[in-house]
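Here the protein sequences come in this chain order: A and B. Here the first sequence stands for residues 207 to 683, where the numbers follow the numbering used here. Here the second sequence stands for residues 504 to 710, where the numbers follow the numbering used here.
Wrong hints could be hidden among the right ones.
Stated by the list, open to error - Think about it this way: if two alpha-carbon atoms lie no more than 27 Å apart in a straight line, the pair counts; the simulated BS3-like pairs of lysine-lysine are:
(1) B:Lys524 with A:Lys416
(2) A:Lys416 with B:Lys526
(3) B:Lys609 with B:Lys573
(4) B:Lys526 with A:Lys573
(5) B:Lys605 with A:Lys573
(6) B:Lys684 with B:Lys516
(7) B:Lys526 with B:Lys573
(8) B:Lys684 with A:Lys258
(9) A:Lys374 with B:Lys684
(10) B:Lys605 with B:Lys573
(11) A:Lys374 with B:Lys643
(12) B:Lys605 with A:Lys374
(13) B:Lys662 with A:Lys573
(14) B:Lys524 with B:Lys579
(15) A:Lys231 with A:Lys259
(16) A:Lys634 with A:Lys416
(17) B:Lys579 with B:Lys662
(18) B:Lys643 with A:Lys474
(19) B:Lys684 with A:Lys259
(20) A:Lys374 with B:Lys579
(21) A:Lys416 with A:Lys573
Claimed, not checked - From chain A, some residues computed to sit far from chain B (all C-beta separations above 12 Å):
(22) Asn255
(23) Asp380
(24) Asp384
(25) Pro418
(26) Gly515
(27) Thr575
(28) Gln609
(29) Ser620
As the list claims (entries may be wrong) - Incomplete in silico selection of chain A near chain B, CB under 8 Å:
(30) Val361
(31) Gly373
(32) Lys374
(33) Gly378
(34) Ser382
(35) Phe419
(36) Pro459
(37) Gln499
(38) Lys532
(39) Met547
(40) Thr561
Source of the hints: derived by calculation from the structure; they are not laboratory data. All figures in this text were calculated on a predicted structure; none of them were measured in a lab. Built from N, CA and C at the ideal position, the CB exists for glycine as well.
Spelled out, the chains give:
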Amino acid sequence: MSTTNSPGAVTHDYIPGFYIGDRPKVVTSRFEYEDSHTLERFLATDGYNGLKKCLAMSPQEMHDEVRNSTVLGRGGAGFPAGVKWGFTPQGVWPRYLVVNGDESEPGTYKDRLLMERDPHQLIEGCLIACYAAGLSQCFLYVRGEMALAQERIAVALNDAYAAGYIGKNILGTDFSVDIVLHWGAGAYVVGEETALIESLEGERGMPRLKPPFFPAAVGLYGKPTIVNNVETLANLPFVALNGSAAYTAIGTPTSPGTRMVAVSGHVKRPGVYEIINGSTTFRDIIYGDEFSQGIRDDNDLKAFVPGGGSAPWFVEDQLDIPFEGKEAGAAGSMLGSGAIMVMDSTTDIPHAAYTLTKFYAHESCGKCTPCREGGTWLMRMLERVIAGYGTDADLDQMREVGQTICPGDMPHASSKRLDLEAVPFPYKMTTICFVGPSAWAPLHSALTLFPEEFEAIVTKVPKRVSIPVTALSGADA
Amino acid sequence: MSRLSDHNVVLAKEIISRYPKQKSALIPLVHLSQEQNGYVTDDAMRHIAELVNVTPAEVLGTASFYEMFKFEPVGKYVVNVCTTLSCALLGAGELLHHAEEKLGVKAGGTTADGLITLEPAECQAACTEAPCLQVNYRHKYRVTHADFDEMIDDLRAGKLDGEVPPHGTLGTQRQHIPDDKGVGAVHPDDVTGGPAWIPAPVPEESN
């Protein structure tokens, strides 16, 4: 696949993790350049022209453009950004913008690319959001473990301040805003927006109880606060520059524009791809020539995670579903943060589920009991089962613990093989945030779609020899 | 002697000045202290408490929540091997086992020479490049056992000094807001009225 022959373009189509491709580009249009992160390259490729157009409009007009574009939040919930901005109460000041760059959902790799490869695009998106929604200070919260992203953003901010794109009286207008780079320090739960705000206030990153008070009304320092994901904001320069009609011309009416999707696991060409939103199917993404090109060694597909580690799993029956929120939801899962993890026929399903349940048990902040205790119990029981010391009763106990986290019917995919009907998304939950249900969702999918793999390794009566249940957890505790 | 140095106090005050409330600077300042000392010392936490007007217990209370903060000395290089699903599917378990053998320590331990700490880690947002690891939070992609050995040998020989700063240094580049360009942070209680570019009354639809 060739790339465009613009001056300075790199000669290969692969940047660690990313394949450029010949599809419409909204957020990766500069990725072909080695120096895509510099102000020089940004300005040479329409950079900050969206901001200029934005400043020529009234804030209300810009807000309407974003609302009409239906840019959906890319952090996981998929809520339209323009609508979210409208939830700020009138006449309450100041209002803040908090950028969620705490990307840590298993399988997800897009925000880091956008921050490393095109930090000015993100900055421009932040400025547009601040202008349109009347946000007077912006905090760019970047995951602590992303050293390169922080460095690139720090340099980009310094350059943009020097050039007058950020700060007092931007481009000679009365629009003034500071953007502050903030470092996280390693906590998955901080990706939840209220936990992010707690962390930004210098507290332990524990989610706040909501409803009734959402951050748009009561957020940072108790003031109206918009929390937007990095990819969401990176879409805004395109909308400002080309208009909402150009944006909605790509994708489908319910899912306009493009989406960054990371495909990992047992595929021939794992990578991040900017796909047409809403219409591209999972089969296209996993098997298509311009995407992941099929399963490694031409093995059969066993299962795949459609939307990040929190999402219930799909199997081959769901391959023809498009990458679209409502359809994925009806089929029993969610698109989450745009991460597909593929497991081929050689995969040990209980062990695969274990790596995810371990992740969420480890990342529980400890605020809600069903998550703190339940996630850990699930992990420990699964350790015992994998070690060959589990019984039928352990599997029942897992389901019972799962019920305390997500009471009622748990969403799962349909399976022709097992003659199972799908249970649509979402689930009910007894915890404040999604970390608790996320410890159960992958294990529930594994137990529901591949029961035989668990039954094969458990016994009817406990084995006489017992091992400490912590034996497999290593130094992870 | 592990309070913040004079140089870092200047940086700390600049960082604090960017936030509407001082306590927001707590996590960045703990990072700064870890950069100075390699880990977070009690004296540094006391010093940070003075700088942001909270108690030392509050500093520890916040800092102890976050995995990147180490309260005991660690190696000059912290090697985090990702063990979550995408990496696990492509050999992360074997890589971690190999790392333990190569370094002669169990995951979580530090080599006898105090140079390298090995940790199992959760997802590092490089899932397409599995199996991956980080050295002081700098990524290494698609790491084979031979790659791992070479990297360790290079770290020991100092060949990666330019690429990988010692543990604690997050970004080698810092944000700096020039005095004449910055708007400046205002305590939220001191803000009266909407921003200058928003016409009053606010022309927003109610919905």
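Quiz item: Any of the earlier hints contradicted here, and which numbers?
Solution: 5, 11, 12, 13, 14, 20, 23, 24, 26, 33, 35, 36, 37 and 38
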